[in-house]
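K.L.:
Sequence:
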Amino acid sequence: MKNHHHLLLMLLWLAIGTGLRFLRLESLPPWTDECATIVFSLGNSFRTVPLNQFISSDVLMQPLQPTATAGISAVIQHLLDESTHPPVYFALAHFWMKLFSPTGELASIWAARSLSALLGVASIPAMFGFGYLAFGSKLVGQMAAAIMAVSPYAVFLAREARHYTLVILLVIASLCCFITAIQTIHRQKPLPIWVVLAWVVINSLGVATHYFFTLTLCGEGFVLLWQIWRKIKQSRGADLHSYWWRIVLVTLGTLIGCLVWIPVLKSIPDNELTNWVASSNPHLRWLEPIGRLLLWAMSMLLLLPSAITNLPMVIVIVSGLVTLLFLLWSLPYLTYGLKIQQQQPDTYLAMQILSGYVIGAIALCLCFTYGLGKDLTLAARFQFIYAPVIILLLGAALAGCWYRIKNLNQYKQKFWPFVNGKVAVSIIWLMAMLGGVTVVWNLGYLQNQRPDILASLIQKVSPDKVLIATNHIHHGQTGRMMGLAWEFQHLPAQNFQFFLAHQDPETKEYTQAMQVFREHLTKIPRPLDLWLIEFRTPVDLESQQCFRDNQYGKSAGEYSYKLYHCVTQNNNDY
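Quick note: UniProt numbering has the sequence shown finishing at residue 574, numbered continuously throughout.
Among the clues, some could well be false.
[Stated by the list, open to error] Label pairs and their calculated CB-CB ranges:
(1) 284 to 7: 50 to 58 Å
(2) 232 to 308: 47 to 55 Å
(3) 104 to 291: 43 to 51 Å
(4) 276 to 186: 42 to 50 Å
(5) 281 to 355: 30 to 38 Å
(6) 104 to 221: 46 to 54 Å
(7) 349 to 554: 51 to 59 Å
(8) 84 to 509: 21 to 29 Å
(9) 359 to 551: 46 to 54 Å
(10) 504 to 110: 46 to 54 Å
Simulated from the structure, these hints should not be mistaken for lab results. Just so we're clear, the structure is a prediction, and the values are computed from it rather than from any experiment. Backbone N, C-alpha and C define an ideal beta-carbon position, used for all residues, glycine too.
Assemble the whole structure, with the sequences as input and the hints as a guide.
P.N.:
Here it is as structure tokens:
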């Protein structure tokens, strides 16, 4: 294929990938973590939101408005004081948001998400370069770029106002340096000094973007040590110092870049913001993390309508059956393509390196999950450490199938129903694209909280005065309420009030908050609908003439709730 054909193909992948990442970008209100991104990127603080008192939607959403005086120093300060994330992406988003969000108005959700989407588009040509560098094949690069363009997992992360597309780019860049280093070891040549410097900078930026980037470094380290050990054995004691000492410089430089964050990292395990990763009890439910890992890995290629929050169960079941049948049909093609790459002398090393890295990265996730009780499988987004490599291996498998399956008689029985390699690749890619479309329309199991679902229910059931109360420990709960308040803007005007019942940080009790809540509840004019959302504190509401409505369920849009109707003293029909 000529170079201009490769360029045209890349433009096609970019066009498709851009469409999937930007289409309907504003269709959902921000969820908890996106609210945190917006607030901190604007240089604002969650601590300005009043606690233990009734507040309006406008007061609740005040931190989502840009302020002229907030600069980059405020971004970093509030982030370090109130969050567990490093500042690189938020600093970048600060300048980006200033371009699109006028002071005094609510921040644009399109602006907040578009930076992540743009970085997601950049990952498409980055995957081409990664594939070409690792396998020395433009075909592999094109296949990897094509999968990255439509991958449901990649599209899902790119459509969120979060830092995962930036860290994925840095993972790809670090892995490119990693591949180059191992290639130089096998050629018995020193690593170019510019690669040394670039690798240190990339690794330092990666850790300063997401602390889980350190898992990428650990995975690279395991494979690198394994390759060096094998080379030492093959060299039978020969002096290898001349061509691997620069890798030691990379290690030292990266360690220095990581040491800056040690004080912050030490405080993370005991932080209330991270307690949720220790809530799954993987030792008793030991199969669940493995099942989740399989679901997240599968979503990098395949995702059919399966959102149990907003789809009938029959559709979810049919999608599951179609997914199973497609996997049974496609897996022989993919394994065949990988075997072809494994058998080629030019690509054997790349296959060895990448498969070793994936195994190491997944093993690290499972060690955290089962060994430390920190379940890294709870969220799809945490799988970014190995997602680019899975996508590259899928690209390599498709490239292996593209030309190689020629003998129909030999492979008819293995690939039933049998089609030739190019047709099989096209079908697999089209299914991946269907998965990307599923994400765009919010129909897949890759979902976060859906404030729009609960907000629509509240608006439908409670057309008049509404009070929404929740327990409050940290800004995560504030963000959940902000998502609801954001959605209420797009619904018919109603009288909404919020109450954030704050937990005493010393006693871990809600005694003071509940006393204030009961006192204020008696003063609000009736009738009133009270929605307790994620509210786990016992409270006597019947004495306040508020009665539970059992007609409605317990959960909507991944929000747990209870509905109470508060009536006047002489009206207790409920």
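K.L.:
Would you mind marking each hint as holding or not holding in the structure?
P.N.:
Results of checking the hints against the structure:
no.: 1; hint: 284 to 7: 50 to 58 Å; verdict: holds, 54 Å
no.: 2; hint: 232 to 308: 47 to 55 Å; verdict: holds, 52 Å
no.: 3; hint: 104 to 291: 43 to 51 Å; verdict: holds, 48 Å
no.: 4; hint: 276 to 186: 42 to 50 Å; verdict: holds, 43 Å
no.: 5; hint: 281 to 355: 30 to 38 Å; verdict: holds, 31 Å
no.: 6; hint: 104 to 221: 46 to 54 Å; verdict: holds, 49 Å
no.: 7; hint: 349 to 554: 51 to 59 Å; verdict: holds, 54 Å
no.: 8; hint: 84 to 509: 21 to 29 Å; verdict: holds, 24 Å
no.: 9; hint: 359 to 551: 46 to 54 Å; verdict: holds, 51 Å
no.: 10; hint: 504 to 110: 46 to 54 Å; verdict: violated, 39 Å
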